[in-house]
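Since each chain comes alone in its own frame, lean on the hints to assemble the complex.
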Amino acid sequence: MSITVEHKMYNREEKQVKFSENILKRIEEIILHYPKDQSKSALLPVLHIAQQELGGYLSVDVMDYVASLLEIQPIEVYEVATFYPMFHLEPVGKYIIEVCQTGPCAICGSERIVDQLENILGIKAGETTLDGLFTLRTVECLGSCGTAPVMQINTEFHESLTPDKIIQIINDLRSKDRSNNQPLETKWVNLF
Amino acid sequence: MGKLVLTDKINIPGIRGIDVYQAHGGYVNLLKVIKDMTPADVGHEVTKSGLRGRGGAGFPTGLKWSFLDRKTDKPRYLVCNADESEPGTFKDRYLMEHLPHLLIEGLIISSYALGVKTCYIYIRGEFKYIIGILKKAVQEAYQHNLLGENILGSGFSLDIYLHPGGGAYICGEETAMLESLEGKRGNPRIKPPFPAYKGLFDSPTVVNNVETLAAVVPIIGMGGESYAEIGIGKSTGTKLISACGNVKKPGVYEIELGLPIEDFIFSEEYCGGIKDGKRLKAVVPGGSSVPVLPFELVLRTLKGQQRLMTYESLAEGGFDSGTMLGSGGFIVYDEDACMVRNTWNFTRFYRHESCGQCSPCREGTAWMEPILKRVEYGAGKLSDIDLLVSIAGKIEGNTICPFGDAAAWPVSSAIRHFRHEFEFHIEHPEIVKNINHGSLVNYPASSIQYR
Numbered sequence: 001m002s003i004t005v006e007h008k009m010y011n012r013e014e015k016q017v018k019f020s021e022n023i024l025k026r027i028e029e030i031i032l033h034y035p036k037d038q039s040k041s042a043l044l045p046v047l048h049i050a051q052q053e054l055g056g057y058l059s060v061d062v063m064d065y066v067a068s069l070l071e072i073q074p075i076e077v078y079e080v081a082t083f084y085p086m087f088h089l090e091p092v093g094k095y096i097i098e099v100c101q102t103g104p105c106a107i108c109g110s111e112r113i114v115d116q117l118e119n120i121l122g123i124k125a126g127e128t129t130l131d132g133l134f135t136l137r138t139v140e141c142l143g144s145c146g147t148a149p150v151m152q153i154n155t156e157f158h159e160s161l162t163p164d165k166i167i168q169i170i171n172d173l174r175s176k177d178r179s180n181n182q183p184l185e186t187k188w189v190n191l192f
Numbered sequence: 001m002g003k004l005v006l007t008d009k010i011n012i013p014g015i016r017g018i019d020v021y022q023a024h025g026g027y028v029n030l031l032k033v034i035k036d037m038t039p040a041d042v043g044h045e046v047t048k049s050g051l052r053g054r055g056g057a058g059f060p061t062g063l064k065w066s067f068l069d070r071k072t073d074k075p076r077y078l079v080c081n082a083d084e085s086e087p088g089t090f091k092d093r094y095l096m097e098h099l100p101h102l103l104i105e106g107l108i109i110s111s112y113a114l115g116v117k118t119c120y121i122y123i124r125g126e127f128k129y130i131i132g133i134l135k136k137a138v139q140e141a142y143q144h145n146l147l148g149e150n151i152l153g154s155g156f157s158l159d160i161y162l163h164p165g166g167g168a169y170i171c172g173e174e175t176a177m178l179e180s181l182e183g184k185r186g187n188p189r190i191k192p193p194f195p196a197y198k199g200l201f202d203s204p205t206v207v208n209n210v211e212t213l214a215a216v217v218p219i220i221g222m223g224g225e226s227y228a229e230i231g232i233g234k235s236t237g238t239k240l241i242s243a244c245g246n247v248k249k250p251g252v253y254e255i256e257l258g259l260p261i262e263d264f265i266f267s268e269e270y271c272g273g274i275k276d277g278k279r280l281k282a283v284v285p286g287g288s289s290v291p292v293l294p295f296e297l298v299l300r301t302l303k304g305q306q307r308l309m310t311y312e313s314l315a316e317g318g319f320d321s322g323t324m325l326g327s328g329g330f331i332v333y334d335e336d337a338c339m340v341r342n343t344w345n346f347t348r349f350y351r352h353e354s355c356g357q358c359s360p361c362r363e364g365t366a367w368m369e370p371i372l373k374r375v376e377y378g379a380g381k382l383s384d385i386d387l388l389v390s391i392a393g394k395i396e397g398n399t400i401c402p403f404g405d406a407a408a409w410p411v412s413s414a415i416r417h418f419r420h421e422f423e424f425h426i427e428h429p430e431i432v433k434n435i436n437h438g439s440l441v442n443y444p445a446s447s448i449q450y451r
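Protein sequences, first through last, are from chains A and B. 1 is the number of the first residue of the first sequence in the numbering used here; add one for each residue after it. 1 is the number of the first residue of the second sequence in the numbering used here; add one for each residue after it.
Bound-form chain B, shown alone (with noise of 0.2 Å):
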């Protein structure tokens, strides 16, 4: 069993009540930061953990704390992104679900940290339910004085306000959550100015995820130091992966990062293998934005190392043969996947989402959703395969956000590694045509190995 430090407390009864979560240890460790440390402290302990923002983007969180201009008289802001939306990921939904109060613990630490006196949770509007938990939990924090004026008589203060989002996966971007925030359709700034000098309400703003703020109490906890050690190398700590797809035992698990995925995926700890005794055919580790990887290559490198749950294991080989850690959403494809179709799916859902503002994505997907669909259904031509990725490679590096690079990635990756199901479809059009609802395809059986 890997070591939890997120998760520990998940299975109490009542642990999302503040006086349960109080009786194990909760807040425990904001008392120590209001007492014992200054605002810098907290910003060190965080550096020295290692913690690299969970949402996706792996970025260190305390070089991002660092950035914050902290020179400006104009109010700062922290806005805790919980528009978790990226197709195989939900982690975040499970922390607020189940700890709100550590969510909230994490966000009045930052806070202090970071000398904010005014935090939003955007959090997507579909989670409605999820909002009302979080609701309940701030009023009972504001009840115990562990948020609005002088917190527990340290002269700190903070609000916490909940911001519903409208259902637009774009607004995960950072400052596309920053311009909905202000009211406005979500479309992405340019950069810079960066939102750690202009962002929010034109005031230095830190925008983290969920799982990287619930992460810095575990860090004041047991010290930076002591985080770092959890891991491997520049991976520390624990990330939360969500594992849904083909396999027998899908849900949210905390594990420490450089774990075997070989072990993710078999062991009876994690998910348990595959389900119906089918075979391991693809995986996308990193929620659908990442590449996606063919058995053996998520399984070992190029090189024959075996392949580990970390930001740099996952990105051996670059995009040729490896693909990224992303946000943890482990989507696990059987024998029976078609990709083709699980390809077309997810271009439909870029085309969908695209805010439209820069024209290689607005126009990109609006040609690939439709292409693939039609190879899918063997309308397809021969030539269609290299318009896609074509098009995917005119669209990757083009726009202002990286929204461009998430649509464009697993069309290349899927054309890169199951070239042959493309060309299958585009082949067969008489089998293709009469197969209902992209159950499998009966490839050549020669062609395809699986593990």
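Here chain A stands alone, though its shape is the one from the complex (with noise of 0.2 Å):
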């Protein structure tokens, strides 16, 4: 069974669909990354500060904004972010778990791995859980072979898992969260 949660119970103060004035003046400076006529090359850097700053998805409202930011058509925004599967479309929770499952992770144990998440979290890969604090996917090889199996938990990776780990870091996170702590989560607008 899919559990479907609308956007207001993730807990998240309702953001304007606008970037600062510091994050709109680093944007000027990534579209002078390339030629004069190319402002829509500086979408996909655009997009990963978009969706970190402005409520963690891609709203339709976001890419529409995007697209104004880079006089272009919102179609071309759209197809664009529903081809990448970095881009979330939907709202997700604060930690975003994302278990490796391709083959060498698989045969290094991924699959006990997702399992353990799975009996922690109370949700099936795939879906978020109730208090919004946690989402968990399945993706392809992070790229990441030799410390198998491996998950990134917002981009942060997390090597050589164990079951025993797993529990560990969920731990970790949920008391960091009670404690009020901001994770310590790089920008992307400060990686351009």
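Hint data in this document are derived by calculation from the structure and do not stem from the laboratory. Where hints are given, some of them may not hold.
Quick list of simulated restraints, FRET-style, between CB atoms [unchecked claim]: (1) Arg416/B / Gln38/A: 45 to 53 Å; (2) Ala23/B / Gln38/A: 34 to 42 Å; (3) Gly233/B / Asp64/A: 37 to 45 Å; (4) Thr162/A / Ala23/B: 35 to 43 Å.
Glycine is no exception: its CB is placed at the ideal position from the N, C-alpha and C atoms.
Structure follows, in structure tokens:
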């Protein structure tokens, strides 16, 4: 059974679909990385920034806003956002847990890792916990096969996993969240 | 110990920073290039070195560079392919994580040789922390006037920009990468025109893998001829091999091309043998796309010669009894690995990653995956095996880009060499249905031999 959760339940403040002045300035700089008439090239970097800064997923409003910034048609943004697996088109939890399930991870036990996560979180892969804290997904190769099995939590890698390690990692995240410490995550906007 | 030319300094503490890198001979080769060499000289050294593309196809780099259209007035571009996503491959990540300045030095030298003023590093989005490492290294290089206007007073200018992918495997194909860089879906382009004439923004473009561009630095340092002395025949130099799967010591190893595969798997210097005292069953030597080989064919060719880590030796015997060096993603399977489940797993990957542009690939992968799934779970029919071979054969060679071949080969090779396992799944549904998560299927012991 899949659980449908409405966006309101995520306990996340409704964000205005608009970047801050600082971010807008950075985006102007990013556009300059490409030739004059090629501002569309900045689409992938800007979508990464938008997803992180404007609510964790790309709503139609966010995509339309990005289109207006880059002076392209909204459809040009939709077709790209739906192509690349890193972009979420629906609300997701605060922590997105993505477990690699491809060959090398699979023969090193990634299926046991998914089982363990499903047990601990009480959801199936593809679902979000009711408190909006965790989304569990299975993904294809994360390029870390030497330290299989591997997962990433909001693009932070966790490697050489065992079912016991999973308990530790989830407990840490839960207590971190209770103590109101925001996760130390690199901002996409600082990476270009 | 084989000769190390790329990773010889990787264990020096702080080598990720520009000061330590420079203190250990970093950017000396760049100085040599801009002081004493013309762009054509650099190209000649690379051609003489015999360097072949390290991303998987093994195309000679000097030849690729020579195709670049130098007559047009349009700007030329160099794109560094850092979209490493081939299952089993994690060598570029290792190189960028530990030696970011080696890549940047290689990019500057290559750009100089190609007359390029703008260079993009297309890096897979999941490697966010590596983007951070590269970003810092690029900034350091700008601060030291190794990038930007008039580099070290030479009159040569270069900008390097980082561009993140969105998690699509297909963007590692060079024309899909160019589409993606232009802000589009990663659908590969029909060739010709080749990127050397019409690439990024319709301009002449060279796309090279991270390891290829990094290798340009030692080639300049030791000279193309000396580099060509490493290795065997047309497989010159060293190659990073990322070993994973059921080996004792998975990781990235720099090897001299020509190393016997048996040594690579079993010697303590490299993989250290199979984990948990088990036996070797099969190897996929070049990332998930290349054909899988059973242990006896991976260690020796059909003619009984020792199989070596070279482009030629691995391909010996064609696809009947050989495979490819590919990207160097070396996946080792022990006796417990189920080849049916593994093939299903890979096909699920290709079904997920197909861009959907060509019907044979889009539809073919979407048929092979559920058929393999039902075989794996004991619901298959004997005719399914030939059906799979037939579908794979109809994808292969009938698509715009090599992705179709890459999706077909794992299936056709697994059936070629491990047909008995597929038959076992179909003939013993009561056994395979009760298997938990693809652990060992109890094949009749007499039907399989192990090393």
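To see whether the hints hold, each was checked on the structure:
no., hint, result
1, Arg416/B / Gln38/A: 45 to 53 Å, "holds (46 Å)"
2, Ala23/B / Gln38/A: 34 to 42 Å, "holds (39 Å)"
3, Gly233/B / Asp64/A: 37 to 45 Å, "violated (57 Å)"
4, Thr162/A / Ala23/B: 35 to 43 Å, "holds (40 Å)"
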